[in-house]
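> Hints in hand, dock the two standalone chains.
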Amino acid sequence: MTTTNSSMAAAPVASRWSRFRGSYLLYSFKRDPVAQLSLLVFIVLVGVAVLAPWLAPMDPYDLAQIDILASELPPFWIDGSDPAYVMGTDAQGRDLLSTILYGARVSLIIGFGAVALQALLGVSFGLLAGYLGGRVDAFLMRLADIQLSFSTLMVAIVVGALVKAAFGGATYSDYAVPLLVLIIGLAEWPQYARTVRASVLAERSKEYVDAARVMGFSSRRIMFRHILPNTLSPIFVISTVQVANAIISEAALSFLGLGMPETHPSLGSLIKSGFDYIQSGSWWITLIPGAMLVILVLVINLLGDWLRDVLNPRLYKG
Amino acid sequence: MSSTAHATAAEPASPLLEIRGVEKRFSLSGDFLEQLKFKGGKLVREQKHVHAINGVDLDIQRGEALCVVGESGCGKSTVARTVMGLLHPSAGEIRYDGERIDDLSHKALMPYRRRMQMIFQNPYASLNPRMTIQQTLEEPIRLHHPDWSTQRVRDQVAEVMASVGIAADWGARYGHEFSGGQRQRIAIARALAVDPEFIVADEPISALDVSIQAQVLNLLMEAQQQRNLTYLFITHDLAVVEHFGTRVAVMYLGRVCEVAPTATLFARPRHPYTQALMSAIPRLEDDRPQHIRLQGEVPTPVNLPSGCVFHGRCPHANARCRSEIPQLIAADDGSQVACHAVEEGRID
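Sequences listed follow chains A and B, in order. Sequence positions in the first sequence follow full-length UniProt numbering and run 1 to 318. Sequence positions in the second sequence follow full-length UniProt numbering and run 1 to 348.
Hints may be right or wrong, so weigh each one.
Some chain B residues near chain A, calculated using beta-carbon distances under 10 Å [stated by the list, open to error]: (1) Asp31; (2) Gln35; (3) Gly85; (4) Leu86; (5) Tyr112; (6) Arg114; (7) Met118; (8) Ile119; (9) Pro140; (10) Leu143; (11) Tyr174; (12) Arg190; (13) Ala191; (14) Val194.
Bear in mind the hints are in silico, worked out from the structure with no lab data behind them. Just so you know, these numbers come straight off a predicted model, no measurement behind them. No residue lacks a Cβ here, since even glycine has one placed at the ideal position from N, Cα and C.
Excised from the complex, chain B in its bound form (with noise of 0.2 Å):
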């Protein structure tokens, strides 16, 4: 990890993680004997699967905070999940640091364990509640370090809770003592315990009160600037995106539709997705252009569309969207879209 590692859009460096074509299916039907059906006279095999995410790519860049953003069901928190290894993606692959971490055992991806980490959407749900803050903290430096001293773990451990500002007799309680904030503070302390380079922050500020969600996002920048972490960060609140991301990647219905530095895709969305979302954002000023409205529901992700997902809601779509999966076109101002339309110069 070199201080030179932000990304810049000239430079193409190595991405930090790379994950490429990954789709995530859940099977719908049961086991094998509730799968058979009658069909025509016909005993067949029938499996229904909800698509959560099919052909996710994005790469992440060292030092950067990807923020990835879509409305509920669009498949963020599966994507995080995924490269977590807390599921295995149903086709694709996943590299960190150039090496495919999606088929490891569970014992070879030990050393990618301590340099990945997560922290969770629900401080209330993701202490153990049996164990205090002091065993939460020590637990993974013991399971990593495992050669190391009782007294260089405590000092691991205090060093820590002060970088996240929690108090050092703290240690002794237990998580229910304490308020949503300050779980999440030890939530993150937890994964900054084993001195991680990636973290993957599923949401983390979302089941906070609105005045504790600044100090945790301050808090997470902090850490991002101390020890030069990069971040995957899932959220669906673009407020907390235009001041946290690096770059942004938007998703819909289980696919990315457009993945730009965040100033440009503030200034300038360009999928008509993305503009309809960026236009959804409520704003005091009142010479903002009209509301763009979408027709129609979200398709369900058991049956997915042909073609493009978006197709059937989108105002720009032709006979081509219809048919032909759109994939990511680099543009010069560093964005990447995945739209025939764009790609075609039909809009702008």
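One chain only, chain A, in its complex shape (with noise of 0.2 Å):
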């Protein structure tokens, strides 16, 4: 024991830095052609997405720069192009890249804005049902099938006819963004609910949370700074794959029409905006969105694979 005191005592005690390095986080990463080319591709397309208002060549929401005489253009390999519209332009005259690149950033904000939703929905009552049990976990519980028994589809075509009924198309158009994070947050926070509750009930039969309680911490203080911490790296890994599917439903609500409105298109209704143009010749409208969105979602799934591998290989998804 003096042994390994002094040894102990004689190696430098660690920054956070520095054990990030010696993370098996890193090694694995390093290890793994997959996910290093999974988060370039996904770091390049979030850049280009964030910073699509200085890198597009015009602003597809400004109606004074579309030339509806431009329409249908095809991208630059194919004769007939303008060199002005290297991907095109679509049946409104836009620039396709310019749109693809705004209707990413949209696709990206609600995927993430709805998955940041689900997380502080599901994880409060992960949290709550899991530490609490009882009565408050069968009911949390019960709230979360039932939840589920409802598809995203569903509620989004109930909660979307009724605001425009409500306060008409234009209203509709202006808070579509918001709107959709709300029906995309609400309709799968028991995904995170449950995987969270499975972690707090794991964690909460462990001697330090007993040992905090015997401290006298409240059950708050309890929950969010000793139970919370440790439950994170499911969280990380839900995340991930929650993302894609948030970005998924918007594109399949979108091409439904329950989405974006093509005035203001995210990839899922510049896609449908396309697809009546595909049987006369004008593929690219649809196809070249969609491998956009294929892409974006690929490389996320793989990222929250590999993450899946690395921080909990018991857990499956689902």
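Right, here's the structure in full:
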């Protein structure tokens, strides 16, 4: 014991950065080319989406810049293209590259916003259900069951229809982003709640929680300060999966005409707007944003898979 | 806490902790709907319980180390957890320094939280893996002394770390960087950080290597002398009891069958169960009396035996043992035994 003591005392105390550098997370990242490539692509996509107002050749929301005569121009490698529009134009004459960049921004905002709402609701409810147990647990978990029995699409159709009927289509268009965040966020919180509850049940039986109770800490402090930090790794893992799911949900809603309006398109509504022209030869309006969506969701899912393998080999996606 | 607080058999000073008729049942039958059963054509509500402890009476005197021993499942940990308020007793009461504490609210209990602390069995689970040692030790002090300055809190942490023999530069590390024995020292430091006077230790050394057990045990004894602590020490290791305990309480199936000063108990166990337990200690000598073999198994705590819980396995049981629950009766050597046969003089 004396030898261990002296050797431990001799070693320098690890800083946060050097602990990260020596961590298994970084080690496995360095050995996984798929994760590296995914992260690179993800960062590039998020980067161009965030910087869209500065990168995009034109502002697709600005009607003054749109030239209807330049509609349905093909991308640059096809005859008849205009060098001013690298990826071609859509049916309204908007530059497709700019619209995709802006659309990816909308999709990412909705995806991350919805996941933030899901996480807030799901983590709070999961913590309460798992820690307090008994009737609170039974009530919240039945609530989750009920929520899961409504599909996201159905909730969106009902809420969207109600808002459109009550406030009119113009108001709906103005508030489409927060509304979609709200709908997707409310529809999927049980995923978080169930995962967090299961982790909390496992943590609650550990003695450090008893020690905190014996110290006299309040339930709230024990839940958020002691238990929550120990349930973070499954939360991280499902967050990646949920971001991809939320982006897909938003695209599906937009494709059905329940999401973003065409004047303010996300990737999903862009795909939809081109769908009518796919038979007439203008395939790029649908396929290019579609490819963008697939790549975005794919890299997020690949990153999520890698994170799941590293952080929590026992957790399965579901 | 005066220095004369060491309890002697002659003067029964007011005990620090009194456990009176405490029972703890755990329901086995789930929620209300699961309890409904059809019986004889009628819908009846049926509840099954595990009787973890049923009617425990114990006094803990100031300055002593009361060891509770018994085999697995006899309820000794439940006693510890009930005393600390981690479980609410189903019946009975617990008094600390004369005040009843088992029915207090979270807020009303706070002054007692500072005075009584707990050390846990598994040092690998009792430290929060996401907190540094410094955070772990500072947190309870800040909670109980919100008016203390940062420097004063740090001084207190440094003092308590030194007293349990852990180096000051361990503070920035996390629990998983230490061995079991080192972790248990940290857990002890956490319990001592708020200057308690009473410590419940629930098998604090049974998860440790034998080579480390003695160190931790000595640390606990040093702390007792320096800080005038009172211990409720849960263990199943009789060698530890002989070394550590002022008095010993022997539990069987959720009841206390014998309480006696350590030397008395080891020299002359009186309850038939204690005798069997003592005879099971492996010893090197050849001339010891025959090992007492008990017949059968410990009965299930779901359906408790009538009368004395030990009657099914006791060689001295008679009709009275099967019907009447024996109470602890004090003998003149300071021991208390719950046994009809001892009371009646049928056995010595």
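> With reference to the structure, classify each hint as holding or not holding.
Here is how each hint holds up against the structure:
A least Cβ separation of about 7 Å between aspartate 31 of chain B and chain A falls short of the 10 Å threshold, and the interface hint therefore holds. Restraint check, glutamine 35 of chain B versus chain A: the minimum CB separation of about 15 Å is more than 10 Å; hint violated. Here the hint on glycine 85 of chain B is kept, as its CB sits about 8 Å from the closest CB of chain A, short of 10 Å. With its C-beta approaching chain A no nearer than about 6 Å, leucine 86 of chain B sits inside the 10 Å limit, and its interface hint holds.
The restraint placing tyrosine 112 of chain B at the interface with chain A holds, with a minimum CB-CB distance near 9 Å, inside the 10 Å limit. Hint status for arginine 114 of chain B relative to chain A: holds, with the closest Cβ pair at about 8 Å, below 10 Å. Hint status for methionine 118 of chain B relative to chain A: holds, with the closest Cβ pair at about 5 Å, below 10 Å. Annotation: isoleucine 119 of chain B was flagged as interfacial toward chain A, and the flag holds, the nearest CB pair being 9 Å apart, inside 10 Å.
Interface hint at proline 140 of chain B: satisfied, since its Cβ lies 5 Å from the closest Cβ of chain A, which is below the 10 Å cut-off. The interface hint given for leucine 143 of chain B is met, as the beta carbon of that residue sits about 6 Å from the closest beta carbon of chain A, less than 10 Å. Hint status for tyrosine 174 of chain B: holds, given a least beta-carbon distance of 9 Å to chain A, under 10 Å. Contact between arginine 190 of chain B and chain A, as hinted, is supported at the beta carbon level, the nearest pair being about 7 Å apart and thus within 10 Å.
Taking 10 Å as the C-beta contact cut-off toward chain A, the hint placing alanine 191 of chain B at the interface holds, the least distance being around 8 Å. Look at valine 194 of chain B: its Cβ gets to within about 8 Å of chain A, closer than 10 Å, so that hint holds up.
Of the numbered hints listed earlier, the single one contradicted by the structure is hint 2.
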